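Trainee: Since the structure of chain A is provided, determine the placement of chain B on it from the hints.
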Amino acid sequence: MQLSITENENITVVTVNESRLDASIAPEFKKQMEEIINNDKDKIILDITEIGFMDSSSLGALVGVLKAMGNNGKLIVCGASGVVLELFKLTRMDRIFTLSEDMASAKQAFIADAK
Amino acid sequence: MNILVVDDSTEIRLIIKHYLTKFDHNVDLAVDGGEAWEKITKNEYQVIISDWKMPIMNGLELCKKVRKAKFKNYIYFILLTGMSGKQNILDSIKAGVDDFASKPIDSDELKIRLMSAQRVLNLEDILEKKNIALAKINDQLSTDLRNATNTQISLLPSNLNTNKFNTAWYYKPAVFVGGDTFNYFSPSPEFLVFYKIDISGHGISAAMLSMSLQSTLGLKRALYGGPITRESSYDLPRVFAENLNKMILENTADHYLTMIFGIVDIKLNQMHYVQAGHPHPMSYNKEKDQLTEIDVDGFPIGLIENAEYETKHIDYSPGDKFIVYSDGINEVDSALTNKKLESNTLYEHFNAIRDLSPTKMIDKIENTWLIKDQLENLPDDISILIFEFK
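As given, the protein sequences belong to chains A and B, one line each in that order. Per the working numbering, residue 1020 is the first one in the first sequence, and the count goes up by one each step. Per the working numbering, residue 35 is the first one in the second sequence, and the count goes up by one each step.
No lab work stands behind these hints, which were simulated from the structure alone. Possibly wrong hints are sitting among the right ones.
[To be verified] Here are the computed lysine-lysine pairs in the DSSO-like style, where the Cα-Cα straight-line distance is at most 27 Å: (1) B:K374 x A:K1108; (2) B:K280 x A:K1050; (3) A:K1086 x B:K280; (4) A:K1049 x A:K1086; (5) B:K346 x A:K1108; (6) B:K98 x B:K128; (7) B:K280 x A:K1108; (8) A:K1049 x B:K280; (9) A:K1108 x B:K373; (10) A:K1093 x B:K280.
Computed from a predicted structure; not experimentally measured.
One chain only, chain A, in its complex shape (with noise of 0.2 Å):
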């Protein structure tokens, strides 16, 4: 399970480095993500561009990532394409995470956000 996280102006990004995430890897996924949270971390941008396929555990996971930040900070998830983003409207979650297509609109809309 591959994190890889940077700073800058307040915001964490968080990059997936792992073409799927499954049963396999999901649940030290939700172990890491809960930890970053922890660390007050509250204006967080995931990037899964690299996820080429999701199953029904990892989205379990996401969603628990999600419970976990509640209301202290704000999660955006930025990059799913294909089959993701298939699974994400298929089960509405589109509705429940905040969805950027690329790395420049989370962050601007993280910026809009601030002022």
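Mentor: For chain B alone, coordinates are given in the frame of chain A:
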């Protein structure tokens, strides 16, 4: 330990035998590789101490032969050598030699080398015992899981073949037992209720929840919000989904599920259903000879508090079909096109067999789409359920 000493020199054989007997080992002797091999096949030795250069079969050839034979206990091989040089040592290790002892034979060196042999043999012995125990447990678990799969499959409903419906299904769990399930039943002669469920994750815990839901959902009348009437049936799927969402969120921490739940009004030729994150169903219109993927979405069950659902309606005519399937099929490659059975590829596959009866469709899916090797190692459960209305 039982030790075989192989050397063409009588003097060396007797010296080694003398030392080994003093260290309380049982000793056999052989004059060359040929005689040694005869003894090895008849007796059980833990250690062979062999000279390198001998007539008939030399020490290296003997060692290779021992390694190739794969005896059930490990035999520790010590090569006696006056030869040195890197290549000789490398050749010996490659042949399977464990250790070397130099000539002339020194009592202390021999004692220490045998201690080292004993240490390795003890480890081999422990490993062997653990492997046997693990293999036994693995066999038990596999048998248990196979029996569980059979139980699970036996609880799935039989194909319907009435004057109102034909149904057929395909079911293959990922790891013996699956998190997918489905059921259908008639609560009264005018209605057929069906549900198809995919519990998130797979394996035993998903299977247990799946089996519990499979057998109880039909009975939990509270989920239906009251008796099933023509009036209530119209929005029953939404009510059912919202109630089940509450129930799962209250009771189950680790799993959620995707579902299509429907009720067919046999008199009015209407179907009401709710889509809760399950893959898009497909409907076949017999009159137009047209298969349509229904672009309908919905929240999974047990993921979001107070999620709202909506009932969809389909009017059907005799010969029309309704196909529901879980997302497990999306992860396997088609034997026909070598492409993943997802999105358009999956639609095209169903479209090519759209006019067949449900049983024949399932037969085509099972025998022409799916690759046997893939089915032995599925990443997720595959389940497909097809209704044909009469």
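Trainee: Hints first: check each against the structure and report whether it holds.
Mentor: Consistency of the hints with the structure:
Annotation: proposed proximity of B:K374 to A:K1108 holds, straight-line Cα distance about 20 Å (limit 27 Å). Restraint check: the Cα-Cα separation between B:K280 and A:K1050 comes to about 26 Å, which is no more than 27 Å; the hinted pair holds. The suggested pairing of A:K1086 with B:K280 holds, with an alpha-carbon distance near 17 Å, which does not exceed 27 Å. For the suggested pair A:K1049 and A:K1086, the alpha carbons sit about 11 Å apart, so the restraint of at most 27 Å is met.
For the hint pairing B:K346 with A:K1108, the CA-to-CA distance comes to about 17 Å; that is within 27 Å, so the pair holds. A C-alpha spacing of about 9 Å is found between B:K98 and B:K128, which places the hinted pair at or below 27 Å, so the restraint holds. Under the criterion of a C-alpha separation no larger than 27 Å, the hint pairing B:K280 with A:K1108 is consistent with the structure, at around 22 Å. For the hint pairing A:K1049 with B:K280, the CA-to-CA distance comes to about 23 Å; that is within 27 Å, so the pair holds.
For the proposed pair A:K1108 and B:K373, the alpha carbon gap of about 23 Å is at most 27 Å, so the pair holds. Between A:K1093 and B:K280 the CA atoms are separated by roughly 26 Å; this keeps the pair inside 27 Å, and the hint holds.
Going down the numbered hints, you'll see the structure goes against none, and every one checks out.
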